[in-house]
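Novice: Given these sequences and hints, build the entire structure.
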Amino acid sequence: MVRFILKRLGLALITLFLLSVIVFLLGQVLPSDPGRSVLGPLADPHAVKALDHQLGVDKPILTQYWNWISNFPGTSTQYQAPIGPILGPALGRSIKLAIFAFIIVVPLGILGGVVSALNYGRPVDKTISIVGQSALTIPEFVSGIILIVIFAVELKWLPVSATAPPGSGFFTQVKYLILPVIPLVLILFGYIARMARVGTVEALDSDYARTAILKGLPRGVVIRRHVLRNSLLPTITVVATQTGYLIGGLVVIETLFRYNGIGLLTYNAANQHDIPMLEACVLTIGVVYMVVTLIADISFSLLNPRIRLRAAE
Amino acid sequence: MSRGNNELDRLREGRTELENHYIDELVSGNLSRRDFLRRGSTIGMSIPLLGAILAACGGGGSSGAASTSGGSSTAATGAPTKGGMLRVASVTPAAAVNPLTVSDAGGLTMLNQTGEFLIFDSNLKLALQPMLALSWTPNSDGSVWTFKLRPNVTFHNGAMMTADDVVYTFQQLADPKNASNALSTFTGVLTPAGVKMVDPTTVEFHLEAPNGNFPYLVSSDNYNAIIVPKGTDYGKWQTTFVGTGAFKLGSYTQNVGATFMPNPNYWGTKPYLDSTSFKFYSSQQPMLLALQGNDVDVIAQFVPAGAAAILNNPTYKIIKLKSANHRELSMRNDQAPFTDARVRQAVAYTIDRPGAVAALLSGDGTVANDYPFGPRFPSTDTSVPQRTQDIAKAKQLLAAAGHPNGFSTTMATEIYQEIPQLAQVIVADAAKAGIKITPKIESQALYYGKATYGNSDWLDATMSLVDYGDRGVPNVYLSAPLTSDGPWNAAHFKNKTYDGMVKQYVAATDLQTQKQIAGKIENLLLQETPLVIPYWIDGLTASTQGVNGLNPTSIAQIYLNAAYKSA
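Residue numbers (the numbering used here), protein chains in the order written: chain A, 1 to 313; chain B, 1 to 567.
These are calculated hints, taken from the structure and not from any lab test. Each residue gets a CB set at the ideal place from its N, CA and C atoms; glycine is no exception. You may find that some hints are simply not true.
What the hints assert, rightly or not - Just the calculated beta-carbon pair ranges, DEER-fashion:
#1 Thr253/B <-> Leu26/A: 23 to 33 Å
#2 Leu26/A <-> Lys440/B: 16 to 26 Å
#3 Pro314/B <-> Ile150/A: 17 to 27 Å
#4 Asn157/B <-> Gly167/A: 27 to 37 Å
#5 Pro314/B <-> Leu155/A: 16 to 26 Å
What the hints assert, rightly or not - Once the Cα atoms are required to be at most 30 Å apart in a straight line, the calculated DSSO-like pairs of lysine-lysine come out as:
#6 Lys520/B <-> Lys503/B
#7 Lys49/A <-> Lys520/B
#8 Lys82/B <-> Lys279/B
#9 Lys450/B <-> Lys59/A
#10 Lys440/B <-> Lys49/A
#11 Lys279/B <-> Lys175/A
#12 Lys177/B <-> Lys49/A
Specialist: Printed below as a string of C-alpha cells:
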C-alpha cells in the first residue's frame with residue numbers, strides 16, 4: 001500500500017511539473033501582455049513598457065520560468081499582491097461548495113439509481129431517468145437565475161449572494177450555499193443516478209446475486225450486501241472525475257452568486273494574462289484532482305476485493 | 001430687472017477680461033446658464049460668484065444634465081439620518097488598486113472612496129467644483145495654470161497636505177518612465193519638470209502647449225489623479241488607501257469587497273454614515289439581482305442593456321447622467337472602397353440611430369452625429385443638422401461612387417456591453433443599402449491585441465467598432481482617433497486641415513472661439529465621415545428608495561460623503 005502511494009506521488013509530481021510547463025508556454029500564446037492587461041487598451045505604450053519591465057515579463061522565457069518557480073507561488077501580476085492570501089481563501093470556498101454539493105447529490109443520486117434499477121423498465125425508472133437527463137441539460141446560469149428570482153427576490157427566503165458575512169456560523173454559511181448548490185445538484189444528479197442504475201442492474205443480473213437469491217436470502221439482504229456495494233463503484237468514478245469541474249470549473253455559478261472560488265480566479269487570471277496566478281490556480285486544481293483520484297482508487301480497491309492494489313500498480 | 005443689472009455691474013468689478021466676456025455671453029443669451037457654470041468654473045471663477053451672477057441675471061435658460069426618476073436622489077426632504085451602513089454593488093477591480101495604473105471602472109470607483117482630486121467635475125452640479133484646490137487661473141494664453149490649494153487638509157496618515165504632495169503626485173503621473181495610465185492624458189501636455197511648487201499652498205503647471213481645458217485634466221475626469229502623500233509607493237497604495245477623503249479604509253479584500261469608515265479629521269462636512277461596504281461583482285446581472293434581493297442598497301454604475309427590471313420599476317431610484325460614453329465605427333479611409341467619402345457617408349446614412357437608442361439603451365442615451373461633440377460638452381455647435389437614416393440617399397451615394405449594387409466588407413468588434421448587438425444593428429441597416437458586412441466579434445483581449453498599428457484588429461480592420469469611455473472635454477476624442485499622428489486612428493484618417501483645427505480648439509481658452517472651431521470641425525467630419533458615432537450613452541446609478549445624497553459621476557466614481565439611509 002505504501003509503495004503504491006509513493007509511486008503515485010512520484011507520478012503526480014512529474015505530471016504537475018509538465019502541467020506547469022504547458023501552462024507557462026500556453027500563457028505566452030495568450031493575446032496581449034500583462035502590462036497592457038493592467039493598464040487597459042488605451043494606455044500609453046511607454047507606460048505598458050515600464051510596467052512590463054517592472055513585472056519582469058520582458059525577460060527571456062527561461063528566466064521568467066526560473067523566477068516563477070523559485071518564488072512559488074509568488075506575486076500576482078494583475079493584483080500586484082502575494083498569491084497565497086488570494087488563492088487560499090478562494091480554494092477554501094470552492095472546496096466548501098463542492099463538499100456541500102456532494103453531500104446532497106451523492107446519496108440522492110445513488111438512491112435514484114438504485115430505485116430505478118429495482119424498478120427496471122417500469123414508470124418509476126423512466127421518470128427518474130427522464131428527470132435526471134432533463135436536469136442535466138439545464139445550463140447553470142438558467143437554473144441559477146430562476147432560483148434567485150424565485151427564492152431570493154420574490155419569496156426572500158434565501159440570500160441572493162453565496163458569500164456569507166465574515167465570521168458567520170456553520171448554519172448561516174449553509175443557508176448562503178443552498179441556492180448555488182441546487183444547480184450543481186441538478187447537473188450531477190443525472191450522472192450519478194445513471195451510473196448507480198447501471199451498476200445496480202449489472203449487479204442484480206450477476207451470478208453471485210442470482211446465487212444469493214436462489215439460496216434463499218431475503219431480497220433486502222441481497223441488495224444491501226451484494227448489490228449496493230457493487231453499484232457504488234461506478235459512482236465513485238463519477239464523483240472523482242467531477243471534482244475537477246466542481247473545484248475549478250464553476251465560473252458561471254461563482255459569477256452569478258458572487259462566490260469567489262478558484263474557478264473565477266483562474267478564469268480572470270487567464271483573461272488578465274496573470275501567469276503566476278494562472279499557474280498557481282491550475283496546479284492547485286491539479287493537486288486537488290490527483291488527491292481525489294488517489295482516494296477514489298484506494299476506496300475502489302477496498303470496496304472491490306477483486307481489484308488488488310498490485311494490479312493498479 | 002434694474003436692481004439685477006446694478007448687482008451685475010457690482011459683480012463685474014475687478015473681474016478679468018475673459019470673465020467679463022463670459023458674463024456678456026450669458027447676458028446676451030449666447031451662453032446657457034449651464035454652459036456659463038461650466039465655462040466660468042473652468043477658468044477658476046468661484047461657485048458662489050457664479051451663483052451670484054446667475055441670480056443677478058434672473059432665471060431662464062437652464063437645463064439639467066442629470067435627471068432622476070422615482071424620487072429625488074440628490075436633495076432629499078428633511079434632515080439627513082445619521083448612522084447605518086450603506087452597501088454598494090460595484091464592478092470587481094480588474095487589477096491592483098494602484099492610483100498610477102488603474103484603468104477600469106471597478107478600480108477607479110475604489111480610488112475615489114478615500115482619494116480626492118484638485119477639482120471635482122460634478123455631473124450633478126454641472127460645473128467644476130473646488131476639491132483640494134480652492135481656485136485656478138490661467139496666464140494670458142493658457143500655457144501656465146496656477147492652483148491655490150485648500151489649507152489645513154490632512155491625509156489619513158496624519159500628515160498635512162501641501163504643494164509638495166501635489167507636485168509629487170503629478171510628477172509621478174506625468175513621468176514617461178512610470179507605468180502611469182495618466183500618460184495618455186499628459187503626453188504632449190505636461191512633463192514632470194512642468195509641475196512647480198510656488199509656496200506651500202500654490203502649485204504652477206507649465207504646459208508644453210496652451211490648453212484652455214487644462215483644469216479638466218487635473219480634475220476627477222483624470223481618475224488616476226488623486227492626491228497622495230509625497231513619497232508614496234504606488235505599488236503598495238492598496239494596503240493603505242491613503243488619501244484626504246471623507247472616508248478612510250476599513251478593509252480591502254481582492255475580488256470580494258471593501259469597507260470604509262468616516263475620517264474624523266475630514267476638512268469638509270463629516271459623513272452621515274457609520275460605514276460603507278462595497279461588494280464586488282464580475283458581471284451586471286448578479287448586481288441587479290442583488291439590489292432586487294435587498295443584498296445591496298446601491299449599484300454604483302450600470303448600463304441599460306439587460307436592466308429593464310430596474311429601469312422601469314418605481315421601487316428604485318435611478319440617477320441618469322448625460323455622459324460622453326460612446327461607440328465609434330471607423331472605416332479604413334486608406335482602403336477601398338472606403339477611400340471614397342461618399343461610400344463612408346452612405347454607411348452613415350443607413351443607420352437608424354433613434355431605433356438603436358430605443359432598442360439597445362432602453363432610451364437612456366442621445367442620438368449622435370458622427371463627430372465627438374455632444375450634449376456633455378458646452379462647446380458643441382448645436383446648429384449643425386442631425387444625420388438621419390436615409391436609405392435612398394445611401395444608395396444614391398453608392399451608385400455615384402461606382403457601387404450601384406453595394407459591396408461586401410468585414411467589421412471587427414469586441415464583446416463588451418451592448419456592442420455585439422449594435423454590430424448586428426449596423427449589419428442589418430447597412431444591408432438595406434446593399435452593403436454586406438461580415439462581423440467578427442472577438443474577446444476584448446483579441447480585438448485590442450497589442451493596441452499598436454499592425455498588431456491590433458481594433459486599429460487594422462477594414463471596419464472597426466469600439467467603445468470610448470466618458471471624458472469631461474472632447475480633446476482626447478478629437479485627437480487620438482482622428483488626427484494624422486493619433487495613436488488610436490483606426491480610421492487611418494489623415495487630414496491636415498482637420499489637424500490644424502484641433503490644435504486651435506485645444507488651445508482656445510474662451511468658449512465662443514471653441515464653439516466656432518467646433519462648428520467647423522463638425523462640418524468637416526460630416527463631409528469626410530471617417531467614422532460613425534451612433535449615440536451617446538447615459539451614465540446610470542440605481543438605489544433603493546431609502547437612499548439619499550448619492551454623488552456619482554458619469555465615469556463610475558461615486559462619492560458617499562453626503563449619503564444617508566432614511567428610515
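Novice: Each hint should be assessed against the structure and marked as holding or not.
Specialist: Verification of the supplied hints:
In this structure, Thr253/B and Leu26/A meet the distance hint of 23 to 33 Å, their C-beta atoms being roughly 29 Å apart. Evaluation of the 16 to 26 Å hint for Leu26/A and Lys440/B yields a pass: the beta carbon distance comes to about 23 Å. For Pro314/B paired with Ile150/A, a C-beta distance near 22 Å keeps the hint of 17 to 27 Å intact. Separation of Asn157/B from Gly167/A is about 28 Å and conforms to the stated range, judged on CB atoms against 27 to 37 Å.
Pro314/B and Leu155/A have their C-beta atoms about 21 Å apart, which keeps the hinted 16 to 26 Å range intact. Taking the CA atoms of Lys520/B and Lys503/B, the gap is near 13 Å; set against the 30 Å cutoff, the hint holds. A C-alpha spacing of about 38 Å is found between Lys49/A and Lys520/B, which places the hinted pair above 30 Å, so the restraint is violated. For a cut-off of 30 Å, the pair hint linking Lys82/B to Lys279/B stands: about 22 Å separates their Cα positions.
A threshold of 30 Å between alpha carbons decides the hint, and for Lys450/B with Lys59/A the separation of about 18 Å falls inside it, so the pair holds. Annotation: proposed proximity of Lys440/B to Lys49/A holds, straight-line Cα distance about 29 Å (limit 30 Å). Restraint check for Lys279/B and Lys175/A: the C-alpha separation of about 19 Å stays at or below 30 Å, so the hint holds. For the suggested pair Lys177/B and Lys49/A, the alpha carbons sit about 9 Å apart, so the restraint of at most 30 Å is met.
When held up to the earlier numbered hints, the structure conflicts with hint 7 and nothing else.
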